[in-house]
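A.B. asks: Residue strings, one per chain:
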Amino acid sequence: MKKELTLFDNPRNVKRFLYMFYGCLVVLLCIDPFVHKHGEFAWEEAPQFFAAYGFVSCVLLIFVAKVLRRWVKRDEDYYTRDGDR
Amino acid sequence: MNPAVLIGGFPPALLLVGGALLVPVLKGRAKQGLLLALPVLAFLTIFFTEAGSTWIFTVLGHQLTLFKIDALSRVFGYIFCIVTFLGMLFAVDIGDDLQYCSALAYGGGALGVTFAGDVFSLYIFWEVMAVASTFLILARRTDASQAAALRYILVHVVGGLCLLAGILLYVGRTGTTGFDYVGLAGVDSWLIFIGIAVNAAIPPLHPWLSDAYPEATVPGAVFLSAFTTKSAVYLMARMFPGTELLIWLGAVMTAIPIFYAVLENDIRRVLAYSLINQVGFMMCGIGIGTALAINGTVSHAFCHILYKALLFMAAGSVLHVTGRIRCTDLGGLYKTMPLTCLFCIVGAASISAFPLFSGFVSKSMIISAAAHDKLVVVWLILQFASAGVFHHAGIKVPYFMFFGHDSGLRAQEPPRTMLLAMGIAAFICVFLGVYPYPLYAILPYPVDYLPYTGAHVVGQLQLLMFGALAFCLLILSGYYPAEMRAINLDTDWFYRVFSVRFYDVVDGGLNRLNRFCEAIFVQRFTAGLARWSEHGAARLLILAMLPVWKILKLSDDQQAQLSSRITMLIRNNAVPIGISVAGAALLLSVLYVLHGPRIT
Chain A
1 MKKELTLFDN PRNVKRFLYM FYGCLVVLLC IDPFVHKHGE FAWEEAPQFF
51 AAYGFVSCVL LIFVAKVLRR WVKRDEDYYT RDGDR
Chain B
1001 MNPAVLIGGF PPALLLVGGA LLVPVLKGRA KQGLLLALPV LAFLTIFFTE
1051 AGSTWIFTVL GHQLTLFKID ALSRVFGYIF CIVTFLGMLF AVDIGDDLQY
1101 CSALAYGGGA LGVTFAGDVF SLYIFWEVMA VASTFLILAR RTDASQAAAL
1151 RYILVHVVGG LCLLAGILLY VGRTGTTGFD YVGLAGVDSW LIFIGIAVNA
1201 AIPPLHPWLS DAYPEATVPG AVFLSAFTTK SAVYLMARMF PGTELLIWLG
1251 AVMTAIPIFY AVLENDIRRV LAYSLINQVG FMMCGIGIGT ALAINGTVSH
1301 AFCHILYKAL LFMAAGSVLH VTGRIRCTDL GGLYKTMPLT CLFCIVGAAS
1351 ISAFPLFSGF VSKSMIISAA AHDKLVVVWL ILQFASAGVF HHAGIKVPYF
1401 MFFGHDSGLR AQEPPRTMLL AMGIAAFICV FLGVYPYPLY AILPYPVDYL
1451 PYTGAHVVGQ LQLLMFGALA FCLLILSGYY PAEMRAINLD TDWFYRVFSV
1501 RFYDVVDGGL NRLNRFCEAI FVQRFTAGLA RWSEHGAARL LILAMLPVWK
1551 ILKLSDDQQA QLSSRITMLI RNNAVPIGIS VAGAALLLSV LYVLHGPRIT
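Chains A and B supply the protein sequences, listed in that same order.
Mapped onto the working numbering, the consecutive letters of the first sequence carry residue numbers 1 to 85.
Mapped onto the working numbering, the consecutive letters of the second sequence carry residue numbers 1001 to 1600.
Keep in mind that the hints were calculated from the coordinates and are not lab data.
Keep in mind that the hints are not guaranteed to be accurate.
[Unchecked claim] Ranges of calculated distance between the beta carbons of each label pair, as one might list FRET restraints: (1) A:Phe8 - B:Arg1324: 15 to 23 Å; (2) B:Tyr1452 - A:Ala42: 21 to 29 Å; (3) B:Trp1493 - A:Tyr19: 41 to 49 Å; (4) A:Thr6 - B:Leu1450: 38 to 46 Å; (5) B:Asp1180 - A:Thr6: 56 to 64 Å; (6) B:Asp1180 - A:Glu40: 29 to 37 Å; (7) A:Tyr19 - B:Ser1053: 52 to 60 Å; (8) B:Leu1450 - A:Cys24: 21 to 29 Å; (9) B:Ile1442 - A:Glu40: 23 to 31 Å; (10) B:Leu1021 - A:Asn13: 52 to 60 Å; (11) B:Ala1037 - A:Phe8: 55 to 63 Å; (12) A:Cys24 - B:Trp1493: 39 to 47 Å; (13) B:Asp1180 - A:Ala42: 37 to 45 Å; (14) B:Ser1477 - A:Ala42: 32 to 40 Å.
[Said to hold, decoys possible] Derived coverage of chain B by chain A (criterion: at least 3 residues anywhere in the stretch with Cβ under 8 Å from a Cβ of chain A; other residues may be distant): (15) 1255-1265; (16) 1375-1388; (17) 1446-1456; (18) 1462-1468; (19) 1483-1490; (20) 1540-1552.
Ideal Cβ positions, reconstructed from N, Cα and C, are used throughout, including at glycine.
Bound conformation, chain B alone:
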């Protein structure tokens, strides 16, 4: 029986978001059961829903297409459900409701974006993702994570507003809220493109990722690594396939982060940089836009989510049991954590695209697509980046955590559920590497591609193994950049330091001018004017009277008495009106004498 019917055709996104609300009221086994059942139920709903089905929700006379499914969105829907399940299994022993709720809402948001049939539903789920994911960083409950979460949400609010502005202009231009291929045409499409690019972490808009993910909670980083960037990949593949700009952005994106990954000390930050690098391959594939390239991108996203989640789980397990995550603090953990070490190596081999591991069957499609289109420079950059990935994610991550120098730490394996989650992820990585056809069968275009040819396998093995030889020789010779307790500046410097300094300069410049003007005009000038209006007339009168008093030979006391009387009279407007009239008449006479002839 179709579970979609069973649950009333409820969209999987609302299933997860709604399920998140149930988490706090349940306890113990029931809660754990719910956490694991929801993604399974969502998966089955997608599995049994026919292509072309829609679920429309009418609100205030507007139709929101909350669910619309085709071949492309189906693959992303599957993998988002799978990784939600694995992440929940990994997290089930942590026992933190805040993380469960936000992870479910976050996964629901990602499914909502994937199946959104119109731009407004898309935007709603986009923001659900941004907000829910922030709590996975906040839930670490450290000062560093609070600060990183604030920066994270600010960047995503800006990206989201960019997308919203683009959406509004797009609806105005096309007169429809539905979307499919958009392409870079006008201001609206550029704004949408930039909004998605922020979430896809395309340089130079990428540093939020390497800033925030390493500060997230242990399971939080697993969810974060899956949803935000890959839902952006999905949208790019839907809206901007074949955009040449993406080929170049993607190529740059594969190359630049690997230099940082080599230098970085925090293992999860190394993984964050390699995540950006992997999404670069996908962007490149979308830019090429041929059937082979799009198939490569989608299958690479599928495999990538699994092995990246696996790597973040392995690194997270080490953080969970040792409380440390820096290369400088770790090493030699294989002695007491052999299973975690093994799973980490499987993840590392997969991300490095070793033959028989999942990365190989997907990444090679993108690189082949670049070769088919004779993109020489891009092909060379992608191959360079492939060797580089093996270098930092494939060797560095397992080497510095589990081998390298012995840190003296003798931590035990993480809880059994964590091991199980890693085990399942590792199994799928190997399974897809050995037998990729179930994955190929669900790709958006028919697959006519053989990953395992002699030339592919030997070429890839040579590339990787001789890259490893370079690592080996450089480590043995001591030339390899030493692990250091240090951080490396990235483009987030512009909003973390430059903007603050800019603010200081503006504050010091414009606000000082402001204070200066206030002192002159508000305090001195107006106060003087007020004083003059109050006492000016009296003073003038006293000044005029002084000679008279001198002639009358009045004593100082009498003079003072008269002065204060005059002041009182004028302040209270008690001057007889005749005096004012006489003064005015005198003034007019003087004016007439001076200017009279000219007036006539």
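Chain A with its partners taken away, still in its complex shape:
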């Protein structure tokens, strides 16, 4: 048997990874005011616009997807149970 990687089996490593990730987020928020902005729209120059937009977009995406699932979800054999069409 070949050697296995077990990096994320250790919960401490998962935690470390998450802290690194949160660290990156904080760094991104901190350097935002020092970046020279040249957007076409006024709001692009608002502080932390993209961070907020990215976060809100993804939450909205999941929220809408969950609503959509109620409408479109079917069993895996939905198309084949009456014989394949």
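Model the placement of chain B on the given structure of chain A, informed by the hints.
C.D. replies: This is chain B only, laid out in the frame that chain A set:
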């Protein structure tokens, strides 16, 4: 020396299609060599051919311009050759001639469409693509793939006929078979537009893609992801640049599939939806139609083909070694497949347009073009879709395959050629992300664009990382939609279920009416009429004779004998003619008595 001269100026499309015919007769190393050499040869032919060169083939007095090259078609030609090479390298250990032949013919068809100088050559190669690609789905040899392939070819035949009808009307209107900018003007251009839109998978004409690609073979999906939609992108960019409708269709196209991609369980179907989303960016760029937007579209198509092929290779490798592809069955594969995992992450980072990966240097051009034209809503949708792409293709695909819950699978890495193909694709993705200038140099318009400005990089990183934060928090809180063994209805429902029900209703309604009418008119009425013509006269006569027989006091036997005799006589037309004449005279007399005075 120019290889184009070496091979007699043969068009690259015919090189690949013709090469496909050689595959079954070769064996072992020679076959593998041919598979890898053909795309290289085609690439070199394109590389050494000067812009404006043509290759005209005369058949039955008609001229077919099978090859005509300019800056726009050259880029697509390059990338189609590159992805054919990578796909062949990936597939070289599979050892299935059916797939090799159809993939080569399919790639040849795509090159043919790209370099077609007139509408008829275009149509021929268009159909070559449709037919050849179908075999990449059939070659999976499962019931589901056979059914999906049938639906796939039916949709493409309809799209192809639409294109053909448009082409015929176009030739009739303009009197020429050559084409360049067409624009939405009359019925002909609309039909051409719809024909191309089917192949570009513009909603609501898109579900053939998410239906068929996940059912294709492991290498088949790699080829499929590259040619059909991107040759449609090329044609749109050639025929309909600056068509405003495309901006909106493109924007819708970027947004809608990501919801499905979030819910979908089959990894390759997630990738199929994200493919539609990425082509949406390109459609949007074509619709905007400025030099920046077209450059963005072409470079995005170039980068997209590479990272999408890479993602389909990674997902295909997992399918190849584990036999599974659903999120619910996979997880924890990074432990034994670290290289595949790494390549998948590179593909995921590229499609998400992370700085230093290829998607960043191309997609940002399209979004900037939208901003330059002050398209506020479109810009917001594109940014939303960018965050969404990272969410489903960037995080979900690697996360559920290689991390997530441990599925207990301990599959080994795929064969070395597969790893090599993924490695090369991943290298190009990173290379173009870091140093995009070779790509910028071959774009149709001069490039005056800097992808790496502080605002771009920080803005994009914030968008992606805070999207990732949302994913992280939603997963940890358990609100994220769980992986489920389920399918999601899409617009293919209309032809897979609605049309069948519609057929049942029509069958039950109109055919029942048909059967009813048949029973009444064909079986009862005509049969009655036939019976009456046969026996009617005899019966009447017998009826008339009965009182006479009663008076003569004939026995029942004698009556029966006489009846059968009368019947026989009449059936055989053996009645003496005098009786008929007497009957007719009697009838006429009666009529004369009744109506005579009025006749005079």
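A.B. asks: For every hint, state whether the structure bears it out.
C.D. replies: We went through each hint and held it up to the structure:
no.: 1; hint: A:Phe8 - B:Arg1324: 15 to 23 Å; in the structure: holds, 20 Å
no.: 2; hint: B:Tyr1452 - A:Ala42: 21 to 29 Å; in the structure: holds, 23 Å
no.: 3; hint: B:Trp1493 - A:Tyr19: 41 to 49 Å; in the structure: holds, 45 Å
no.: 4; hint: A:Thr6 - B:Leu1450: 38 to 46 Å; in the structure: holds, 43 Å
no.: 5; hint: B:Asp1180 - A:Thr6: 56 to 64 Å; in the structure: holds, 59 Å
no.: 6; hint: B:Asp1180 - A:Glu40: 29 to 37 Å; in the structure: holds, 31 Å
no.: 7; hint: A:Tyr19 - B:Ser1053: 52 to 60 Å; in the structure: holds, 59 Å
no.: 8; hint: B:Leu1450 - A:Cys24: 21 to 29 Å; in the structure: holds, 24 Å
no.: 9; hint: B:Ile1442 - A:Glu40: 23 to 31 Å; in the structure: holds, 27 Å
no.: 10; hint: B:Leu1021 - A:Asn13: 52 to 60 Å; in the structure: holds, 54 Å
no.: 11; hint: B:Ala1037 - A:Phe8: 55 to 63 Å; in the structure: violated, 43 Å
no.: 12; hint: A:Cys24 - B:Trp1493: 39 to 47 Å; in the structure: holds, 42 Å
no.: 13; hint: B:Asp1180 - A:Ala42: 37 to 45 Å; in the structure: holds, 39 Å
no.: 14; hint: B:Ser1477 - A:Ala42: 32 to 40 Å; in the structure: holds, 34 Å
no.: 15; hint: 1255-1265; in the structure: holds (count 5)
no.: 16; hint: 1375-1388; in the structure: holds (count 6)
no.: 17; hint: 1446-1456; in the structure: holds (count 3)
no.: 18; hint: 1462-1468; in the structure: holds (count 7)
no.: 19; hint: 1483-1490; in the structure: holds (count 7)
no.: 20; hint: 1540-1552; in the structure: violated (count 0)
The earlier numbered hints that this structure contradicts are 11, 20.
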